[in-house]
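Each chain sits in its own coordinate frame; assemble them with the hints.
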Amino acid sequence: MELRKTPLNALHRKLGAKMVNFGGWDMPVEYPSSGGLIAEHKAVRGGVGVFDVSHMGDIRIRSGKTPGGALAAVQHICMNDASKLAIGQAQYSAMLYPQGTFVDDVIVHRLGEDDFLLVINAGTREKDVSWVRENTKGFDCVVEDLSDAYTQLAIQGPRAVDVVQKLTDANLSAIKNYWFTHETLCGLKDRLIARTGYTGEDGFEIYVPGDVATSERVWNAVMEAGREFGIVPCGLGARNTLRLEAKMALYGHEISETISVWEAGLDRYCKMDKGEFIGRAALAKLSSAAPKRTLVGLEMIDRGIARDGYRILDLAGVEIGVVTSGSPSPTLGKNIALAYVPPEFSAIGTTLLVEIRSQQCKAQVVTTPFYKRVKKPAAPQAAT
Amino acid sequence: MGYPASYRYTKDHEWIDAKGGTATIGITDYAQHELGDVVFVELPKPGAKVEKGKSFGTVESVKAVSEIYAPASGEVLEANGQLQNKPETINSDPHGAAWLIRIKLSNPSETDGLMDAVAYEKYIAQKGEGTSA
Chain A
15 MELRKTPLNA LHRKLGAKMV NFGGWDMPVE YPSSGGLIAE HKAVRGGVGV
65 FDVSHMGDIR IRSGKTPGGA LAAVQHICMN DASKLAIGQA QYSAMLYPQG
115 TFVDDVIVHR LGEDDFLLVI NAGTREKDVS WVRENTKGFD CVVEDLSDAY
165 TQLAIQGPRA VDVVQKLTDA NLSAIKNYWF THETLCGLKD RLIARTGYTG
215 EDGFEIYVPG DVATSERVWN AVMEAGREFG IVPCGLGARN TLRLEAKMAL
265 YGHEISETIS VWEAGLDRYC KMDKGEFIGR AALAKLSSAA PKRTLVGLEM
315 IDRGIARDGY RILDLAGVEI GVVTSGSPSP TLGKNIALAY VPPEFSAIGT
365 TLLVEIRSQQ CKAQVVTTPF YKRVKKPAAP QAAT
Chain B
8 MGYPASYRYT KDHEWIDAKG GTATIGITDY AQHELGDVVF VELPKPGAKV
58 EKGKSFGTVE SVKAVSEIYA PASGEVLEAN GQLQNKPETI NSDPHGAAWL
108 IRIKLSNPSE TDGLMDAVAY EKYIAQKGEG TSA
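Protein chains in written order, with the numbering used here: chain A, 15 to 398; chain B, 8 to 140.
Chain B extracted, bound-state conformation (with noise of 0.2 Å):
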């Protein structure tokens, strides 16, 4: 699976897609991959306040909780409803379907900084374990 170029990356494997004013929010491939089965998505509800480099949520596995960091700051407009259902959607389509969040974004020169999928990809391939094609 790719990453895509349009996105940005934080070092906690979170993506966001940041499009004028509003942003979208996911977790990275290789952060789905690292989890195992998804199970339980816990997502912060619209008109709720995220803050950059702060957890906004949860993703567990069978094993482990996650959290999730938010990548840059705001206010969250609507949260991915069919997660609750089928979290199973976080391993199979990370960067597409299983968006966690879309926020109005309170500062989008906060997203300046992070990595872009270039730079993600040798971010992980560092980590000692690439991404499968």
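With the rest of the complex left out, here is chain A (with noise of 0.2 Å):
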């Protein structure tokens, strides 16, 4: 099979990446050259990384014959309120399917009055287009598939803004968390510079040309601009552990197609008073019932590491659950889970078995996030 390959493909393989197949992305897992996963993770913690996200897909919803078309799409396809969203503003939000779980977690941009970006998961771009296509065409909007056209790089870290400030005339420390811009980025003009990113750290998402030249000329430039705060190049490796401490769902783990938004504990994103949108009659039904399962974090208290898939045991042995999403936490210097169990088992401290291989190894529920950045004093902002 052949596998998709970023406008960066080249540049990683040359840079001696070890490459993964990720939902058909031929994609670099980590960088010997950066010190591995660990050192990566620990860069983006203490300084800076780049990542090449360019396998995330981008769907453009602008205005059809008459204004008004496109937000009306978003808010009848996407569980937030992008109502809410001034311009230049984004917000996380979802897509769910009539009976309240996930078609994929998205971050919408409200570009214009009536013009907004969606950017959406790497493994699930076909079926996004699809379902946005599909599901918008009752309303007066045009929707666009820019996925090939960008590459996007996530320059992520407490020194992130000064590595892309070097970059732009834009004034970064304008742009609070979750807002965006339009500037000249590398000498190209109005290119989105947002302030988003997967990783918990504060930290800028760029889009530009997705052509080879420029894409790597712009990751050249990113990297020397980086060069004085250590930056490193970073793969999806440092991605998933970043994330996982930060408990930023996964698709395909957290969330998915048979879990409800009640269950994966996004109910703040999801603003039933909004208005009709898909899901929202099932999740209205839902949330009378007591939900069956919920998501915890887990720490491990015996030696092991808790990974994706392994079942979840209750004292006495009895199958309960599973962990979506296992991994070391290089920050933590511990082993860490999150996962879906019955409410009954998700009171902080409570002690549960993890499956691992022909062991049970105790855990214990703990507060998420795992980890959580210490945020500079900042002019206080409306959350969306």
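One should not assume that every hint holds.
[To be verified] So these bits of chain A aren't anywhere near chain B, every CB distance computed over 10 Å:
1) Ala24
2) Leu51
3) Ile52
4) Ser144
5) Val157
6) Cys200
7) Asn254
8) Asp281
9) Tyr283
10) Lys306
11) Gly318
12) Arg321
13) Asp328
[Claimed, not checked] Here are some of the chain B residues that sit facing chain A, going by a computed Cβ distance under 8 Å:
14) Asp24
15) Gly43
16) Asp44
17) Val69
18) Val72
Keep in mind the hints are simulated off the structure, nothing from the lab.
Heads up, the beta-carbon is just placed ideally off N, CA and C, and yes, glycines get one too.
Next comes the structure, spelled out in structure tokens:
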């Protein structure tokens, strides 16, 4: 099977990256030249790292013949309230199936009054585009699949802002978390620069034209700008350990087509009062019943690493749940996991067993996120 | 890092250093490089039996669990206790300080068919990645 490649594929290989098949994409999992996964993870937490995330997709929804159709369409397919977004602001959201489970999670960017960019997962690109096209047919809007148009780089870490600031005249200190701008970057006009990310650190995601020459030029400019801060290229391995520590969901693990919004604990991004949206009716019914399972954070007590798919047992050895994501935590120096368990096992401090090959290893329910960055004092901002 | 001439090697990237009736077993430099930073090692206790070709433990990186297969059969005399607290030794000294187990060989001739260092280096070179100097 021919794997898909981002425009920077040759560059990653030239850097000696270890490559892996991620959802049909040939992607770097770690760079030995960076020192490997743990070093990359620590670089992001303590300094800055750069990720090629061009495998992710982009769908633009804008006005049709008369304005208003794009917003109405986005409101219909996404669970968060896009009408609350200012132009230049983004929000975490999700597209749901009628039964209240996840098509995908998505970052919705309000590009204009009636103009939105949805950034979606790599593994669900085609499904999402079909879903959007199908479910916005009744709205006066234009849907564009821009997934192949951009190279997307995530520059993440406390020094990320210093790195990106060297590449643009945009005043990045004025861009708050989950806001964005369009500005000249590396001499390229009108590039999307968003203060978003998937690491739990401050950082930016930049979107540049997806031709190889431009992509490599921008990557190299980022590396050069970051040199004094110790920037390293980072792969999907570190991307996963970083987002896990920050308790950020990964599609196919914490969220999926069989998991509901309430089970996943993503209530605060689901605005039931905003009006109708796909999945709302089912969620309204579900919210009155007790959820069958809930997402908890676990920390291993016994020696052993809980990993994706491992069974969770109660202390009597009865199977009660499953690990959705598990890994050593480079920042905490512990082995952590997210898991679905029945609500009666979700209290902080509850001891459970994780089945690790032939052994049953003790773990404890802990508060999440496992890691929270120390935020610099900033002007208060409304969360949407 | 070179591959010691006195060792023998398996296709699954274990090494075995057999002397008389006992042998020391570990994983190769190629294996540790493929794995990345080792964070966890699971080894059998003294007295446990290992069987040629069968898994006797695991070496884990952040991302992966890697089974270790016995190059020869026997009884575990000692497991390297150092690796519990310092699993990263497998990355820095896979052929020396990071030996995994010592066994009493039940059938010393089982090592006859294993690759020598030259054959092993050729084998991994064919895999598209040579050893680093």
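query = Going through the earlier hints one by one, which of them does the structure break, listed in rising order?
reply = Of the numbered hints given earlier, those the structure breaks are 2, 3, 7, 11, 12 and 14, listed in rising order.
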